[in-house]
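Undergrad: Dock chain G against the given chain A, drawing on the hints supplied.
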Amino acid sequence: MSFSLIFKDELMGFYKSKAMIFLWIGLPLLAILVHVSSQSADMSLSILVSLVVSSIGGLLASVMLTVNIINEKDTKVYDLFLIRPLKRWHILVSKFLAVYICVSIACIISILIGLLVDYTESQIAFDIIVQNIYEPFIMTLSIIAISSAVGVLIGVVAPSILVGVLLVIFGGNYVSSIPSIIPFVFNIQNPFTIVLILGIIITTVLMALSILLFNKKEF
Amino acid sequence: MEKKIKCIKCGQIITISGNPGETITVTCPSCHTSGKFTFEKTKSSTLEETIVKINNISKKYKDILALNNVSFDIKKGEIFGYIGPNGAGKTTTIKILVGLINKTSGHVFINNYEMPEQKSQAHKFIGYLPQKVAFQQWRTLNHALTTFGKLSGMEKNSIQPRINELLEIMELTKFKNKKINQLSGGTIQKVGIIQAILHNPSLIILDEPLEGLDPESRYQVKQIFKDLSKKGTTVFFSSHILSDVEDVATKICILDWGRVIKIGTLDELKTEFVKEKQIEIILSKKSNKFKEISKLPGVQNILEKSYEKFLINIDKTDNYDEVIHNIIQTLLKNECHIRSITPIIPTLDEVYQYYLRKGDKKQ
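In order, the protein sequences belong to chains A and G. Take the first sequence: its position 83, counted from the start at 1, is 68 in this note's numbering, and no numbers get skipped. Take the second sequence: its position 347, counted from the start at 1, is 350 in this note's numbering, and no numbers get skipped.
Looking at chain A on its own, in the form it has when it is part of the complex (with noise of 0.2 Å):
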């Protein structure tokens, strides 16, 4: 019970935040202007809306889960909920789950925009922009998955806000590129698949650690 009315609370906390408006208004936007000011005709627009999706809205995950953290961990706001009969994972993983859920709507939002672009200016089936989508619209989820867990830990262990966002700028990005790397450094066969459970396993691993670290703290 204890979880979901965390989990609730934190999504409303998070969808209601103007970091989350931006996302979700300002992300489709701004992949629009890209497509429009570049002209390129090589990548269609839901491909390149995915890539900028993943990268500016992976950052702005973790970047929110770090700065939320390290703030509400500074303000003490932390000891009401630990003495109450509530588990310390519930509250680190609520936020995650908060943060990646919006950030993956704000994710399918702009790509439907730049799938309905796409089949508004090309004359390419759907069910074909929506095959060639698939794959990337993968990859966007599993890094911001990775990013989001990036910032949750580094939200844990970060002594001040200052240190947290630039761990998550300068190593964070670092972390969250590695399913998308390794399938294709090693040239293994079916690779969106592998980026899946290379994000599935990344994302747990992180969270586990952090709420390691998380239950072990004094605050």
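Please keep in mind that the hints were generated in silico from the structure rather than gathered at the bench. None of these values were measured; they are calculated from a predicted model. C-beta atoms are modelled at their ideal positions from N, C-alpha and C, and glycine is treated no differently. Incorrect hints may have been included.
[Said to hold, decoys possible] One-sided and incomplete, this derived list gives chain A residues near chain G with beta-carbon spacing under 10 Å: (1) E(-5); (2) M(-3); (3) K1; (4) F169.
TA: Relative to the frame of chain A, chain G by itself:
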């Protein structure tokens, strides 16, 4: 304990004795009917009444010993004031008590649940206000309190009426739907107190609850403490405002350098401090013979503060009332007119300073 029971057969009153919880065989002296009787486990048994038991706890932060073998018990319904200078270890004790930090050694029990091992059970009984209370900024006051009510296991239907009741008491109803980031520091402190008592916990632990509150709010909060105590809720609070501690605390613990310097009721704390009882007498008419009172038994000395105002030290072993009576009689007999007689009672501030200095000397 002794009890009188009635024989179920002949109605003879039998006096029996035994310990709480003990079962004894009783035989009626008149009809010789036998039966078993179990004495009640009374609430006065020490183990049941003790809500908090702190046993030799120490806490080390690297090389700094923040708490050094601190031990005390808090009984049900007590208002326990925890005082000490900055860095004495008050907040550390409180955080160990609520399970936010771990002790280096010793044992802590809340309602017989050991902390932090059984903290999930113990947390059901606790209401807590940290030194710097903070809420998630995007929540409204009502939303924050509703969440804490639900997390504390309150019945869904009882949360809103209880929030309304407490907001009314604290005069915060008009802020109910305001966002936390729109509230002043004092209001947030009051909301913090509300969340601590919202679920009617049997133990309330508050770290400087009166800090940042205006005199009216401090009075309200102190009244709440007294009301809760009457209902059997135990209140443990730390404070720097000694006059407030003096107003409400039924037991006081002075902590310094991580050690308990003194613990007891205010009267017990004063007993050691007060070497003799002191009264202040103001005369509206003074005669030359007023010094006759220095010859009275029990009067140690007289200190003249001004022409008509003087202090009399009375030996505390003597009969205080008798000595006062004799002083008045003597003054009247010697043509002195009394305007007022006031017993001088040391404040907690004076008592506190005394024990701190004493503690320093011991170190």
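Undergrad: Hints first: check each against the structure and report whether it holds.
TA: Okay, the hints, checked on the actual structure:
no., hint, result
1, E(-5), "holds, 9 Å"
2, M(-3), "holds, 8 Å"
3, K1, "holds, 6 Å"
4, F169, "violated, 41 Å"
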